[in-house]
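Q: Sequence:
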Amino acid sequence: MRIVDVCAFWTPHGGGVRTYIEGKMRATRHRGDEIVVVVPGERLETAVTDGGTIVSIPGPRFPLDTRYRYFNDEEAMHRVLDDLMPDVVEVSSPWGSPAMVARWRGTALRSLVMHADPLSAYAYRWFGSIAARDTIDRRFEMFWRHLRRLNEAFDLVVCASEGLTGRMIQGGVSKATTIPMGVTPGLFSPSLRNPALRAHLLARCDLPEDATLLIGLGRHASEKRWPMVIEAVAAAGSRRPVGLLLLGHGRDEATVVRGLSGILCGRP
534 MRIVDVCAFW TPHGGGVRTY IEGKMRATRH RGDEIVVVVP GERLETAVTD GGTIVSIPGP
594 RFPLDTRYRY FNDEEAMHRV LDDLMPDVVE VSSPWGSPAM VARWRGTALR SLVMHADPLS
654 AYAYRWFGSI AARDTIDRRF EMFWRHLRRL NEAFDLVVCA SEGLTGRMIQ GGVSKATTIP
714 MGVTPGLFSP SLRNPALRAH LLARCDLPED ATLLIGLGRH ASEKRWPMVI EAVAAAGSRR
774 PVGLLLLGHG RDEATVVRGL SGILCGRP
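Counting from 534, one number per residue, gives the positions in the sequence shown under my numbering.
Just so you know, these hints were derived from the structure itself, not from any lab.
Even glycine gets a Cβ: it sits at the ideal position worked out from N, Cα and C.
Incorrect hints may have been included.
[As the list claims (entries may be wrong)] Here are the computed lysine-lysine pairs in the DSBU-like style, where the Cα-Cα straight-line distance is at most 30 Å:
hint	residue 1	residue 2
1	K557	K757
2	K557	K708
3	K708	K757
[Unchecked claim] Taking CB as the label site, the calculated pair distances span:
hint	residue 1	residue 2	range
4	G699	M761	19 to 27 Å
5	P651	G781	16 to 24 Å
6	E742	E674	47 to 55 Å
7	R772	P723	17 to 25 Å
8	L750	A632	49 to 57 Å
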């Protein structure tokens, strides 16, 4: 079976989506299926990796984060899909690319993968302090209509959690189903703990070895809400010693670093 993943959030510089794609390639290789990932890139090119194939379609840089590009040539995308003749097409963005795939004339099964919640990441975060979610949803009815149109065009809408599936169904996305996503089991274990490294990191926070050590891993962007995490750690630290180690980078790194004032934790 040939699975084509139209992946708008891909960047060669790394990140969670690239990790997810590489993991999927490894998994499908053992099953005998073929993965082809279609991404926005600098030029039209094909790269063969250990687990699958990456096809780049020329696309402009995303102005808010120039490490990323976006699809803006629907005809080029359709030509690539025609050439690939997939059995399944997955789209992992709720924005413009699924509408392009929806208009493709191919016969492949199509699934929209909601690995994140755009309303929580943006609308609820922006307006949650002044309006209830029901009110925000009504104000963003245009986006809900967009999701319902995609629901009609796709065979399946995959959600990362039961909570997101429930809200999608409540909003009229009737084909929503849950495939839980999260931390891959078997990679992390207390048995792998390095006491010396742990003590060193806590010492950099001016904390004793018996303090709680928290690690935050992810892109420094406003939708990740790192300032809120930092505030929560500071509040918890008033009751017991807590150290926080943040790993990552991104466009909002300066804002995140400013938020570290009052938390005695150096950078790794």
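Q: Which earlier hints turn out false for this structure, listed by number in ascending order?
A: Per hint list: single violation, 8.
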